[in-house]
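Chemist: Residues per chain are reported as follows:
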Amino acid sequence: MHARLKAWAWQGAAVLAVALLATWFAHNLSANLAARGMEVDFSFLAARAGFDIPFRLVEWDSSYPYGWALYVSGVNTLLASALIIVLASALGLLLALMRLSGNPLAAGTARAVIELVRNTPQLVQIVFVYVAVLQVLPPMRNSITWFGGIFLNVRGLYLPSPSGTAYNWILAATVVAVLAAALLWRRLGLAAVPRLVVLPPVLLLGAVLAGFNAAWEYPVLRGFNFVGGTRVPPELLALVLGLGIYTSVFIAEIIRAAIAGIHRGQAEAARSLGLTAHQSMFLVILPQALRILIPPLTSQYLNIIKSTTLGAAIAYPEILQIFARTVLNQSGRAVEVMTLVLGVFLVVNLLTSAAMNAWNRRLMLQGR
Amino acid sequence: MQTLKDLLRRGALAAIAGGIAALFAGNVALAQLAPPPGPTVEAIKRRGTLNCGIDTGVPGFAAQDASGTWKGIDIDYCRALAVAILGDASKSKYTPTTAAARFTVLQSGEIDVLIRDSTLTFTRSTALGLDQVAVNFYAGQGFLVRKALGVSKAADLQGATICTVTGATLELNIADFARSTGARIGTLLFDKAEEAIAAMEAGRCDGYTDDSGSLAGMRSTLKVPADWMVLPELISKEPLGIHIRSGDPRWQKIVFWLDTMLKSAEEFGVTQANADQMKSSKDPFVLRLIGVEGDFGKMLGLDNDFFLRAVKTVGNYGEMYDRHFGPNALDLPRGLNNLWNKGGMHYTLPLR
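Order-wise, the sequence lines are chains A and B.
For reference, each letter of the first sequence is one residue, going 629 to 996 in the numbering used here.
For reference, each letter of the second sequence is one residue, going -19 to 332 in the numbering used here.
Check each hint, because a few of them may be wrong.
Here are some of the chain A residues that sit facing chain B, going by a computed Cβ distance under 8 Å [unchecked claim]: (1) G678; (2) F679; (3) L762; (4) V782; (5) R783; (6) R850; (7) G851; (8) A941; (9) R953.
Quick caveat, the hints were computed from the structure, so don't treat them as lab data.
Cβ atoms here follow ideal geometry from the backbone N, Cα and C, with glycine treated the same way.
Chain B on its own, in the form it takes in the complex (with noise of 0.2 Å):
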């Protein structure tokens, strides 16, 4: 009896010694080969979903359609996340949130990345503590006037009223081009877009603004399109994208790289219908890209094949921009929102 407990003592003994040395060799294997992906991402596997914060309606970044999807190039940039850590792309939960809320959503942690055509700024950076990850999207606050004001530019609109949403660089924008023209433009602040526009075309405005891209959004929810023009000249720069919580680097580099791997893929051909096929491909940059050579995946704390899961899912940049702003939805030029390489803005960080 006496031999057969010592047995089991000694059992459980090795038993366990044998298993912290298998756990400290393990870990010393995953610290060299993976290392982990971070708080953010670890709490978002826990839970199970990515939690997203949007706009609360303006076609072409976040809108619902009759079915109640949400539908916009920066559903899309939430869906690719999503599929890419939890490889499930319905898996991304959306948070509308207004202009003058957003940030403080994302500061408090109810959201884990905020992409919802918000502008990048310096006060943002230092003064919220937030990091500003990467531009989805390059706009410059523009105007959409009455056409029977018979305005042709924004310094005509001396002595106008302009209606636009709270909580956003546009009504410092327009007080910074009234200071620095001497025009004389007068705002109305509402929460929503939505109410804004409302008012506009009950005259209580004369024209709306917003950026150039929501301003395209806005215009396609007009009663009658026709009677409203778009004023040619941008009062700003206005480069839109995605914004984190500092205190995360890993997560940073994740949201980082999957920006400049959606843009790549539009560079090196590799689409949401073709992305398989390329595997075969003979470029190294096509290979690391998609996850065929190089760990990069891995490097980032996840596994390799999550940019081919999600450019599978939503396209490269290029195809996002089409589905949402090209000339079958809001046929907006791509202009600065093109690759470098097209007379664009999007120059991406080689994959090396």
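Only chain A is shown next, with the shape it has when bound in the complex (with noise of 0.2 Å):
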């Protein structure tokens, strides 16, 4: 009983602490905001933006918004935060398999890797990365061409991009029927049949029947550009690569450990069973392993969210750079704007380590 009270004062006084503290910070921020006879004041959301944004998924001109501006680069985050998410998650299992593989080379190779990128800084990596694919790449006249519509070239990647009602839904119905299917898939009474085997290979199909109902629009070089199409920037490709390469080493590490964490019995067993070592690694051990590394793993995705602001260095525009960089400096709306990026990535991160959480959750119920 007195332990329990005592764990209730201490824990009274930490939240007396933070709300104090809270509330030293407001006050603070108000009288200095009065002195100079400023406020805070959310309304410079509506006002027209005027700014070009290079790359964007949705829709955007300079006669927008700012509050739509936080959409267009909040976008732009998730993008390069899941396609980094995808890199460093099968090239950090790439790395921790080699290391594990027993064979001197390919073992050596993984662990010069994971020294030589997790000990130097990220942000010098990104931008080394991005002035090494700048370099790379052919000047635009010279571009790299494939099929006569996919341009590479120092200005990025053009794609032909398919357009079209009859596309639009054929795509949409493809997604969602793939997407139901997976999830009712024992309702279905198909529990017999494996899902990974039957359902991508429906989806290609979708995809490829509504490519060719589609209207396609080709990439064409005019002036200084070239117009049309869809284009990835370099540097996109240079913040994914970089970024998953850092993030990857550490991600390989935690799933060396986490099979390392595995009881021994469990890989003998599965040997005796008459398992291949491919087997017995794919089937029993990574499975059992997951549960350990998926806590891990969660701060890792949730590190590479907020280190994609990184991408302001080499001029790609997220969160920070458009709103907390451009919107800030023409609306000088300091404390507005830094709340709202703070928000946003608070928002993004909870839910993913809410999904996280949720997954490990379901595995654990699997196990014992």
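From the two separate chains plus the hints, produce the assembled complex.
Modeler: Encoded structure:
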């Protein structure tokens, strides 16, 4: 009883301290703003932005308001985060398996890569990759061309872009159907058929069918730049590569630790059942290692999302560059802008960790 | 024993009363002769250094030479302020700021004054809570492009991509220019001018844009300057100048009049070399300028020699311009930055 009282007292004191600190910050802020004749006001979000965003997935031109710029740059941040998470996870798994393979060449290479990458600064690596990418790519007029419609040069990768109602409907219908099938697989009585073998080809088929019914817009060199089509800028490529490689080595170590944490008896049992090394890794060891590695993996994913802000250094139009730099400087609303940026990252990261925790819980239930 | 104690006590009381009276009289006298210089200068004197916010590296305005010493017209302004207030130009401490961070650094009180080729604009004056004290360089936004592009004017940049720095008026001017002329010009935004120039040289952009002064400075850093040209036209007005935090009018007056005096010194022929001899000048404007007549320094809360020290340290405005932008430096014609009576824009308020 006494111990519980003590714990309550400590927690109460901690809450009080945080509340006092927050009050002090708020008071400081309002006093300083008042001294400069300024106030907190979010109405600037509706004002005309007037600047260009060089790469975007959603609609934008300079007549759109500041608030919409938050959305455009937020989507760019999410795109980069998603690509980096996929790359870092795949590369991390590869490096971990190389290190554990027992093959001295593979293990040595993986070890050298891991030590080199994790002991040098992140930002330096990103800028290095960016400059390296720019140096390697050919100038505009000597673009590398594939199939007459895909161009690669120092300005980016130009792809033909599909559009049209038929295309949109077919693609959307396929995606919805595949997602529904994936979720309801067991209830449809298909438990015996492996999902992963059937569904991806269906998705591909839908995409191809949609492609045949689309109006394709091809990139064409006009004046200084290619016009039309879709462009993947080198900034995105450099950010994904730079940050993906950087994080992959940490993920590799986490995976290695998780695999090492599985009792040796599991591997021996799998082997004695007649499973091959490959089967025992992917069917016995990794599924169990997943449980150990999800919590630290979540931290790495959250780090990736936050680190995409380093893209500002290499002109990738993500949330920090567009919103916390350009919008902040044009509107002068430092407190409001920074609050929004912090809020967006907080929400995205809380959702990410909630999803990862849900995954973790599911694996736990299936286990012991 | 009793009497001695009494005597001591009485003496002490008298001393305290006298002290208070003296202090009061002194204060009254001080209030009549020299008003206090304001909280900013008092803080600078207490600290012993002037905290000056400058650019991260644009030749002409603020850039480090091979030995790591900061050079540039903005640096000279910082030095003039330091020697005027503290009597020692080396007491000026530099804080390099990116375009994006500069005003926040000033608002937060980390620096006393921002002299960083920054354009004076409406938003910065109102929404940011800053005082825009003086213009020390009249510029306009120009373009640096590869000669091989065959472009002769800004309107030809239709469809081009231009590298520049984020957090400045530059990107907005391009958008306004594109909007008014119907041209489509893409921008690629970097944190620092060096990174933008590196990307441009790698072919990522067709050109670089900045104010005309910085453009001349960045051009001097190119690997092959001859491959590049500055387009003749300017698409905006960029009056670059000095920002301080609002709320200290005394500090505003000191900075404003120091700038005025640096320009007036050129107008009246007071130079770094002849400033001491000018004490025997017959021109009352000159005598007031260098503090021989009138109590102008004291009225600002400083001493009467403050400007004499400044001009002996950095020279007059024309000398500063020549040192950093003249034929032996970046070779940028004075144009608007000449005095009003030589076809320029610097028309100073009279010293009387």
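Chemist: Holds or violated: is the Cβ of A941/A closer than 8 Å to a Cβ in chain B?
Modeler: Since the shortest Cβ distance to chain B is 5 Å, the answer is holds.
Chemist: If you take the shortest Cβ to Cβ gap from V782/A to chain B, is it below 8 Å?
Modeler: Result: holds, 4 Å to nearest chain B Cβ.
Chemist: With a cut-off of 8 Å on the beta carbons, see whether G678/A makes it to chain B.
Modeler: Holds - the Cβ of G678/A comes within 8 Å of chain B, reaching about 5 Å at its closest.
Chemist: Restraint: R850/A near chain B, CB-CB cut 8 Å. Satisfied or not?
Modeler: OK, holds: R850/A within 8 Å of chain B, min 7 Å.
Chemist: When the nearest CB of chain B is found for R783/A, is that gap smaller than 8 Å?
Modeler: 7 Å, holds
Chemist: Hint L762/A vs chain B: min CB-CB distance below 8 Å?
Modeler: 4 Å, holds
Chemist: Taking the closest Cβ pair, is R953/A under 8 Å from chain B?
Modeler: 4 Å, holds
Chemist: Given a cut of 8 Å on the nearest C-beta pair, is the interface hint for F679/A held or broken against chain B?
Modeler: At about 5 Å, which falls below the 8 Å cut-off, the nearest Cβ of chain B leaves the hint on F679/A intact, so it holds.
Chemist: Would the hint on G851/A stand, with a C-beta cut-off of 8 Å toward chain B?
Modeler: Given a least distance of 4 Å, the restraint on G851/A holds.
Violated hints: none; the structure is consistent with every hint.
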